[in-house]
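Those sequence lines, one after another, are chains Z and U. 682 is the number of the first residue of the first sequence in my numbering; add one for each residue after it. 346 is the number of the first residue of the second sequence in my numbering; add one for each residue after it.
A few of these clues could be false.
Quick list of simulated restraints, FRET-style, between CB atoms [unchecked claim]: (1) ARG945/Z to GLU373/U: 50 to 60 Å; (2) GLU420/U to TRP903/Z: 50 to 60 Å; (3) GLY354/U to SER912/Z: 57 to 67 Å; (4) ASP426/U to THR746/Z: 14 to 24 Å; (5) VAL747/Z to SER498/U: 35 to 45 Å; (6) VAL747/Z to ARG376/U: 35 to 45 Å; (7) ASN686/Z to ARG376/U: 20 to 30 Å; (8) GLU434/U to ALA701/Z: 52 to 62 Å; (9) ASP415/U to ALA834/Z: 30 to 40 Å; (10) ASP705/Z to GLU373/U: 25 to 35 Å; (11) GLU373/U to ASP829/Z: 38 to 48 Å; (12) SER887/Z to HIS430/U: 41 to 51 Å.
No lab work stands behind these hints, which were simulated from the structure alone. The beta-carbon is built from N, C-alpha and C at its ideal position, and this holds for glycine as well.
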Amino acid sequence: MHPFNYQNPKSVAEAAAFLAKGGDAKLLAGGQSLIAAMKLRLSAPTDLIDLSGIKELAGMKTEGTVITIGAMTRHAEVARSKDVLAGIPALASLAGSIGDRMVRNMGTIGGALAHNDPVADYPAAVLGLNATVNTNKRKIGADAFFKDMFETALEAGEIIVSVSFPFPKRAAYVKFKNPASRYAIVGVMAAETAGGVRVAVTGAASSVFRVAEMETALAANWSPDSLAGISVPADELNSDMHASAEYRAHLIGVIARRAVEAAR
Amino acid sequence: MKVSMTVNGKAVSAEVETRTLLVTFIRENLRLTGTHVGCDTGQCGACTVHMNGRAVKSCNLLALQAEGADIVTIEGLAGADGTLHPMQEAFREHHGLQCGFCTPGMVMSAIDLVNNHSDPSEETIRAELDGNLCRCTGYHNIVKAVMAAAANS
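Only chain U is shown next, with the shape it has when bound in the complex:
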């Protein structure tokens, strides 16, 4: 079936099998490999992207469910000149990563979190990031980064 959507501001379309997951479409058709597949069971959040402004798990979604949607992936955050998104900058500044595998999902999820909580407490951030797992257990600096980004937004 044909599927069309906007990804990082660009209109894209392709012929896909109905069972194609959104993350597969993003990684294999569009070659945007910043969106990671971690657990592939909808638990770890490494595959988080924004669909019409809301964070969703792209491994638990058919590409066809995103028909006509506006998708933003980690590659769509930085400015054209390479200026990092404030959340990416906060992760860099506070070293909110260790191996980096969970980072794209963490950043996408954290942006959605800050969009919905203007002044989140540390407790709120920890609770609201519960859909993103960091197997390095590097949560402390991730939470610091999200707090800093929220304070500057």
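Chain Z extracted, bound-state conformation:
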């Protein structure tokens, strides 16, 4: 790991001020992706700004039918939160399926979203459940947040403060896991939300995406059978040692049907 300066701010404003100083500064949340990338020298920031001491990024609160989760909330906390289990069980189970228990004890929702790893689980939750990402500057809707591989709508100096999830009428997340890493080879969040049906796919392409044809079919009839005959073209899907693009395209159909079935 290359040397770096370490900062430990106590407020979001202080963290933003460190970011604004220039250099190649990075925010450190749980560090479960960043520290590993720095050890491999894939990432070599000049400054690391540790967010763990900032109280305003911690905690969860439920207001009516919306639960707002602080950016530094660990996956394990989301997985066992009574409020999340009651309001959005699909989100609790998704959080409980990330990595392994030690990773879940450190990894955070804000870190996972800012990183936007194409095989991560949380992007499917945010896009599938039509969540809102609240930053120190604005509110970003799910459809505008994810741009491309490791790329989001976050601007320089922008810090995720929390994520607000409206309770869906029904939802389920199913993933076909890489047996070693537990990352999604294909993961699908299928949800019926107040704003309509949403189907979000992670793991398959350069970034999470929605499948409009599936959403239309499920809006007419929420049944796995509604998805028969709907396929996602393999052209833009990932091919790697774990799965070919054609296999991923096939998996999307299978996993989406399982998610719809689980959310009946």
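Given chain Z, put chain U in place with the hints provided.
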């Protein structure tokens, strides 16, 4: 930079480089070599310790991230008179080890597992231990040991 924390009940502090990993601090500064470095990429779990009561991978964490934290390593489990922790005793009783390299991490992870699942099934134990790799593939007796420890807790 200066870092201070409590390790196995004892206050410790040292001057470290910012890039010092928690596992390096534990092994090289404190000379507590029971915490192992296996893969060094956050996958195998041999470096698992408890930070404020939660199992974490100390090779994927900066020492500075543990500032002010309460850390417990494998050396902190047994009683002062050498009495093994019930989980260690269960691993001994059921021979939950072969070469022993993964054992400290397995034990630390298993304690966290049992703390969070009061009556885990074999399936739960196998699923929840997925962050700890045993390259001897000695999982069967490890799972037996964790089941026994959970039943006695």
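To see whether the hints hold, each was checked on the structure:
| no. | hint | verdict |
| --- | --- | --- |
| 1 | ARG945/Z to GLU373/U: 50 to 60 Å | holds (55 Å) |
| 2 | GLU420/U to TRP903/Z: 50 to 60 Å | holds (55 Å) |
| 3 | GLY354/U to SER912/Z: 57 to 67 Å | holds (59 Å) |
| 4 | ASP426/U to THR746/Z: 14 to 24 Å | violated (55 Å) |
| 5 | VAL747/Z to SER498/U: 35 to 45 Å | holds (38 Å) |
| 6 | VAL747/Z to ARG376/U: 35 to 45 Å | violated (50 Å) |
| 7 | ASN686/Z to ARG376/U: 20 to 30 Å | holds (28 Å) |
| 8 | GLU434/U to ALA701/Z: 52 to 62 Å | holds (54 Å) |
| 9 | ASP415/U to ALA834/Z: 30 to 40 Å | holds (38 Å) |
| 10 | ASP705/Z to GLU373/U: 25 to 35 Å | holds (28 Å) |
| 11 | GLU373/U to ASP829/Z: 38 to 48 Å | holds (41 Å) |
| 12 | SER887/Z to HIS430/U: 41 to 51 Å | holds (47 Å) |
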